[in-house]
Structure formats: structure tokens, C-alpha cells
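Student: Chains A and F, in that order, give the protein sequences.
FYI, my numbering numbers position 9 of the first sequence as 9, with every residue one higher than the one before it.
FYI, my numbering numbers position 70 of the second sequence as 70, with every residue one higher than the one before it.
It is worth saying that the hints were derived from the structure and are not from the lab.
Glycine residues also receive a C-beta, built at the ideal position from the N, C-alpha and C atoms.
Certain hints may be false.
[Stated by the list, open to error] Estimated spans, in silico, between C-beta atoms of each pair:
hint: 1; chain 1: A; residue 1: Tyr94; chain 2: F; residue 2: Gln1; range: 23 to 29 angstroms
hint: 2; chain 1: F; residue 1: Gln43; chain 2: A; residue 2: Pro80; range: 21 to 27 angstroms
hint: 3; chain 1: A; residue 1: Ser56; chain 2: F; residue 2: Gln43; range: 27 to 33 angstroms
hint: 4; chain 1: A; residue 1: Ala13; chain 2: F; residue 2: Lys13; range: 42 to 48 angstroms
hint: 5; chain 1: A; residue 1: Ser65; chain 2: F; residue 2: Ser125; range: 47 to 53 angstroms
hint: 6; chain 1: F; residue 1: Gln43; chain 2: A; residue 2: Ile106; range: 18 to 24 angstroms
hint: 7; chain 1: F; residue 1: Met31; chain 2: A; residue 2: Arg30; range: 22 to 28 angstroms
hint: 8; chain 1: F; residue 1: Thr71; chain 2: A; residue 2: Pro59; range: 36 to 42 angstroms
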Amino acid sequence: AIQMTQSPSSLSASVGDRVTITCRASQAIRQNLAWYQHKPGLAPKLLIYAASTLHSGVPSRFSGSGSGTDFTLTISSLQPEDFATYYCLQDYNYSSTFGGGTKVEIE
Amino acid sequence: QVQLVQSGAEVKKPGASVKVSCKASGYTFRMYPIHWVRQAPGQGLEWMGWINAANGYTKYSEKFQDRVNMTRDISVGTADLELSSLASEDTAIYYCATTGGYCSGGSCYNPLDHWGQGTLVTVSS
Numbered sequence: 001a002i003q004m005t006q007s008p009s010s011l012s013a014s015v016g017d018r019v020t021i022t023c024r025a026s027q028a029i030r031q032n033l034a035w036y037q038h039k040p041g042l043a044p045k046l047l048i049y050a051a052s053t054l055h056s057g058v059p060s061r062f063s064g065s066g067s068g069t070d071f072t073l074t075i076s077s078l079q080p081e082d083f084a085t086y087y088c089l090q091d092y093n094y095s096s097t098f099g100g101g102t103k104v105e106i107e
Numbered sequence: 001q002v003q004l005v006q007s008g009a010e011v012k013k014p015g016a017s018v019k020v021s022c023k024a025s026g027y028t029f030r031m032y033p034i035h036w037v038r039q040a041p042g043q044g045l046e047w048m049g050w051i052n053a054a055n056g057y058t059k060y061s062e063k064f065q066d067r068v069n070m071t072r073d074i075s076v077g078t079a080d081l082e083l084s085s086l087a088s089e090d091t092a093i094y095y096c097a098t099t100g101g102y103c104s105g106g107s108c109y110n111p112l113d114h115w116g117q118g119t120l121v122t123v124s125s
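Next comes chain A alone, as it looks inside the complex (with noise of 0.2 angstroms):
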């Protein structure tokens, strides 16, 4: 099966911040990766699909790149409704993993 394994897995930022999370995967998937939001009591939020592209209705302060084996998603300038865990998620070959998460915190 497919590791993921993303970082960090916390950090602490203020707003207006620009913020890179991590993932990489034990072997290739080429672009099959998304990205997702979580905020608790909440279902989570597609951000990020194919590696890079937006979501609709998605704000463009988010972005993401990568292709292989190595991802990054990208918050330009952190707002306030950003704080939550951030999860990437593999679909390639008929199977997915979740990386383990990064929860971002307000410093």
C-alpha cells in the first residue's frame, strides 16, 4: 500500500503568514493527489485536486504543486478562517491514503 507521509505534522502562524505543508509518497502516483480542510464538527473541505488544481469556490490564497512523489500545498497569507488540519489524500491505482495531517495553530 501507498505511505504518505506529511509535514509538519503542527505549526503556529499568524495571519497574513505564508504557510507550506508537505506530503510525499512512498512511490510515484503521478498527480493524483488532493487536498483537504478539516475543521472539527465538521465534514472536510476539497481544496486542492490533481495536485494543483483549485477547487471551485476555493480561495486563491491556496495552491498546491508536485507531481510524483513530492506535493506541497501553499496558503499565501493566512486568514483567520484558516486555522484547522489540512490532510492530503492519494487516489492512485484504486486505492487511497490520507497523509497523517498538519493542524495549523494561531501563534
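Go by the hints and put chain F onto chain A.
Tutor: Just chain F now, kept in the frame of chain A:
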């Protein structure tokens, strides 16, 4: 609009089984797969598997392979998750999710863009 509505909270004893249902509406049910994801208290999201709503094909995570069963009923647009041999570690919120399917540059992707509200399953003696 696409909606996934899940069945209510469950409390089960260790060793029992639980079935969680997911009712889909707002789209042609057989067109897109249903995935199941869970989150245990204080833990991350965990992918459990998916079912092809058209033909019933399933793909399970290796972790749950021996005790999970995913089914669907096209006539009523419902997908079910059944998990057996429950233990306290199975206490979690269980989500169903589906995808609209997106194609770009000759490739197609199936990100999970619609989610149910989640069902809390508590396993306790």
C-alpha cells in the same frame, strides 16, 4: 444539489457489528463511487474503501479487508458500510463521500467533493 445524508449515531458492544447508511440525492447515483472515511478521537482521517455504485465493485483498505463490507442499493440510492468484530479502537466518526469526477488535460480525477454529515459510532462495554 448533491447531498449525502447518513444514518444516526450508534452505540455497540465489543465484538458486535455496525451498519452505517448513506443516502444520496441530487445526482444519478450509479454514476459515481461512494467512499468511506473515518476519524477516531484525536486521530487523523483514515480511508476505509470505496464501492462502485454502478456495478458493486469494492476496494478496501488492507487494514479493514477482513471485517468490512460495503454494499449499495441502486433502487433507493443508498450505500451501506458494515464493520464487524468491533473494538474500542473503532470508536470514530464515519463519513461517506463521493466525487463529481473531473477531467483535465486528458486525465480524469475523482476527488471527494461531497461528504455526508458523519455518523458517530461508539464501541463500549
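Student: Each of the hints needs a verdict: does it hold here or not?
Tutor: Each hint, compared with the structure:
no.	hint	in the structure
1	Tyr94/A with Gln1/F: 23 to 29 angstroms	holds (28 angstroms)
2	Gln43/F with Pro80/A: 21 to 27 angstroms	holds (26 angstroms)
3	Ser56/A with Gln43/F: 27 to 33 angstroms	holds (29 angstroms)
4	Ala13/A with Lys13/F: 42 to 48 angstroms	holds (43 angstroms)
5	Ser65/A with Ser125/F: 47 to 53 angstroms	holds (48 angstroms)
6	Gln43/F with Ile106/A: 18 to 24 angstroms	holds (22 angstroms)
7	Met31/F with Arg30/A: 22 to 28 angstroms	holds (24 angstroms)
8	Thr71/F with Pro59/A: 36 to 42 angstroms	holds (38 angstroms)
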